[in-house]
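Number of protein chains: 2
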Amino acid sequence: MTKQQLFENIKKKQSFLCIGLDTDIQKIPPHLLQKEDPVFAFNKAVIDATADCCVAYKPNSAFYESLGYKGQLSLEKTVNYINQNYPDQFVIADAKRGDIGNTSEMYARAVFDHSGFDAVTVAPYMGEDSVKPFLIYPGKWVILLALTSNKGSRDFQLTADAGGERLFEKVLRKSQEWASDEQMMYVAGATQGRLFADIRKIVPDHFLLVPGIGAQGGSLEEVVKYGMNAQCGLLVNSSRQILYADNTERFAEAARREAQRIREEMAGYL
Amino acid sequence: MTKQQLFENIKKKQSFLCIGLDTDIQKIPPHLLQKEDPVFAFNKAVIDATADCCVAYKPNSAFYESLGYKGQLSLEKTVNYINQNYPDQFVIADAKRGDIGNTSEMYARAVFDHSGFDAVTVAPYMGEDSVKPFLIYPGKWVILLALTSNKGSRDFQLTADAGGERLFEKVLRKSQEWASDEQMMYVAGATQGRLFADIRKIVPDHFLLVPGIGAQGGSLEEVVKYGMNAQCGLLVNSSRQILYADNTERFAEAARREAQRIREEMAGYL
Numbered sequence: 014m015t016k017q018q019l020f021e022n023i024k025k026k027q028s029f030l031c032i033g034l035d036t037d038i039q040k041i042p043p044h045l046l047q048k049e050d051p052v053f054a055f056n057k058a059v060i061d062a063t064a065d066c067c068v069a070y071k072p073n074s075a076f077y078e079s080l081g082y083k084g085q086l087s088l089e090k091t092v093n094y095i096n097q098n099y100p101d102q103f104v105i106a107d108a109k110r111g112d113i114g115n116t117s118e119m120y121a122r123a124v125f126d127h128s129g130f131d132a133v134t135v136a137p138y139m140g141e142d143s144v145k146p147f148l149i150y151p152g153k154w155v156i157l158l159a160l161t162s163n164k165g166s167r168d169f170q171l172t173a174d175a176g177g178e179r180l181f182e183k184v185l186r187k188s189q190e191w192a193s194d195e196q197m198m199y200v201a202g203a204t205q206g207r208l209f210a211d212i213r214k215i216v217p218d219h220f221l222l223v224p225g226i227g228a229q230g231g232s233l234e235e236v237v238k239y240g241m242n243a244q245c246g247l248l249v250n251s252s253r254q255i256l257y258a259d260n261t262e263r264f265a266e267a268a269r270r271e272a273q274r275i276r277e278e279m280a281g282y283l
Numbered sequence: 014m015t016k017q018q019l020f021e022n023i024k025k026k027q028s029f030l031c032i033g034l035d036t037d038i039q040k041i042p043p044h045l046l047q048k049e050d051p052v053f054a055f056n057k058a059v060i061d062a063t064a065d066c067c068v069a070y071k072p073n074s075a076f077y078e079s080l081g082y083k084g085q086l087s088l089e090k091t092v093n094y095i096n097q098n099y100p101d102q103f104v105i106a107d108a109k110r111g112d113i114g115n116t117s118e119m120y121a122r123a124v125f126d127h128s129g130f131d132a133v134t135v136a137p138y139m140g141e142d143s144v145k146p147f148l149i150y151p152g153k154w155v156i157l158l159a160l161t162s163n164k165g166s167r168d169f170q171l172t173a174d175a176g177g178e179r180l181f182e183k184v185l186r187k188s189q190e191w192a193s194d195e196q197m198m199y200v201a202g203a204t205q206g207r208l209f210a211d212i213r214k215i216v217p218d219h220f221l222l223v224p225g226i227g228a229q230g231g232s233l234e235e236v237v238k239y240g241m242n243a244q245c246g247l248l249v250n251s252s253r254q255i256l257y258a259d260n261t262e263r264f265a266e267a268a269r270r271e272a273q274r275i276r277e278e279m280a281g282y283l
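Chains as they are written, first to last, in my numbering: chain D, 14 to 283; chain G, 14 to 283.
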C-alpha cells in the first residue's frame, strides 16, 4: 500500500484508527474456548464487526507466540482473512524485530513473504543493516521504534548526546537516510504528549503509529494537536479497550461500539 | 541453570562454545528435503554430533519464523529434543524480543512456559519495563543486547552522552539495577575487539554471549584476551561455520569436526 492510498482510506472512512489484535486466550469470552481455534474465531468476529471503523489492524506477535505453533497458525489465518475480505486494510505485524543482516532477512521473509503483512515494527538498537533487509519489499513498510509509550522509554530513548540530540531524535534523523516517508513510519507513544511536536520537527511528513491511548492513558486530543499533519500522518492504535469491551456473546457488538466511538472522535479531527 | 552450573559444564567439557542453530532450509543438504521435517532432522543430526563439544545451543528464531507455523513446530521439537537428551545444555532463544510490559510478559511465556528455553536475547531500547517480565522466571536468563557484532552497532550503540558515557555502557550500567549476574548476561560481538575491555570495566563478573566469530570475522583469541574472567564469563557462538561445513550426507561429521576444532582452541584458553 502506498502512503497516498492509506491517506485516501483515512479520508473515505473518516478514521485513522488501527485496531491492535492483542488477543489473549485468557481474556476472550469463555464460550469461544469450545471452538476449534478460539483465537481466530475471536479475531474474525472482531474484524467483521469493526472493519468499517478502522484503516489498519495490528496483530501483536507476542500473544500468538505465547501459544506456540498453534498460535502462529491462528495468526496466519487472521492475516489471510483480513487480506481476503478487507484488502484495503493496512496490516501491521507488531513484532519489534531487528537483528544482523542475514537474520533480519529471515524476519522480513516471515512477515512479508510467508505472511501477507503490509508492515512490521522494527527496533532500531542494532542500526542500519538490521533495518535495511525489511526495505527491499516494494509496497511494504518498516515502522521503526522512535519514542515508545511505556515508562521505560525514559531509560535510553531520551538520553541526549554531547550536542543535545536525544536518542529518539537521532533515530528519526539517521533512519531517513535508509528510506523515505513512502516506506518508513515511526512508533510514537500517545503518552508522550508534547514531545510529538519535537518528533514533527524532524519527520514532518511521515506517518506515525501511535499506541498508548486507552489502557495506557494517552490522550487522542493531545496526539492530534501535536502530531497530525496535512495528510493526517497518524495511525492511532487501540487494543484492549476495543477487544475486551465485553466478555459475553455480545463481545463483537461491544467492540464495534467502542471502535465507532473512537472513529467519531477521529472524524471530528479530520 | 545457575551461573555456577554453567561454569562447571564449561570446565568439565573444556569448552565455552555455543552452537547457533540458524537452520536455513535453503542451505541444508538436499537429501534431507525428503524428510517429513527437514529442519528438525538437520538439527537433530547436528546436535547428536556436537553435544559433547559445546555447552549451549542457540536456535535463531528468525530462521524458523520464516517457515511459518511449520517452522515454529520444528523449533519446538528441537528445544524438546535438546532438553530431553542433553539436559546439561544451556538453550538460548535468540529472538531479540522486547516490548511494553504486558507484551513482554507474553514473549516470556512463549520462550519459558511454552518452550523450554533457558534464556532469551532481549533488545534494550524500550527500557526497564520491557525487560523485567522476563526476569520473574526462576533459573531463567535474560541476555541483553549491549554491543552487537554488526556494522550497524556504530549507528546508536556508540553514541556518547554529555558525560561521555556511550549507549552500550549505559545499557550495561543501568540494567544491573534490574537483575544480577545470576540472571542477566549481555550480547557483545566478537568483532568489537578491544571494546571488550571497556565492557569488562562495567560488568566484570557477568557472562557475555559472543556472536561474530567465523562468518562475521571476529577473533576468538581477541575475545578471550579482553573478555575472559575468572569464571570464564564467555559463551562464544558459532553458527554457519559449523552448520554448513559440508553439504553432503556427511554434514553432521563435518559439523562435529568444526566444533571439535573450536573446542580444542577453547580448551587451550581455559
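Among the clues, some could well be false.
The list treats identical chains as interchangeable, and a pair is accepted whether it falls inside one copy or across any two copies.
[Claimed, not checked] Result set (EDC-like, lysine to aspartate or glutamate): computed pairs, CA atoms no more than 16 Å apart in a straight line:
no.	residue 1	residue 2
1	K187	D142
2	K214	E178
3	K187	D37
4	K164	E141
5	K25	D37
6	K40	E118
7	K153	D194
8	K26	E278
9	K153	D101
These are computed hints drawn from the structure, not numbers from a lab.
Results of checking the hints against the structure:
1. Proximity of K187 and D142 under a CA criterion of 16 Å is satisfied intra-copy only: 13 Å inside one chain copy versus 26 Å between copies.
2. For a Cα distance limit of 16 Å, the shortest separation of K214 from E178 inside one copy, 13 Å, qualifies, whereas the shortest one across copies, 27 Å, does not.
3. In this assembly of identical chains, the alpha carbons of K187 and D37 never lie at most 16 Å apart, being 36 Å within a copy and 32 Å across copies at closest.
4. In this homomeric assembly, K164 and E141 come within 16 Å of each other (Cα to Cα) only across copies, at 8 Å, whereas the closest approach inside a single copy is 26 Å.
5. For the identical chains of this complex, K25 and D37 are neighbours neither inside a copy (31 Å) nor across copies (44 Å), given an alpha-carbon limit of 16 Å.
6. For the identical chains of this complex, K40 and E118 are inter-copy neighbours only, at 15 Å across copies versus 34 Å inside a copy, given an alpha-carbon limit of 16 Å.
7. Taking CA atoms no more than 16 Å apart as the test, K153 paired with D194 passes inside one copy only; the shortest distance there is 12 Å, against 41 Å between copies.
8. Only within a single protomer do K26 and E278 lie at most 16 Å apart by alpha-carbon distance; the minimum there is 13 Å, versus 64 Å between protomers.
9. Taking the shortest alpha-carbon separations for K153 and D101, only the intra-copy value of 14 Å comes in at or below 16 Å, while the best inter-copy value is 43 Å.
The structure does not agree with the numbered hints 3, 5 stated previously, though it agrees with the rest.
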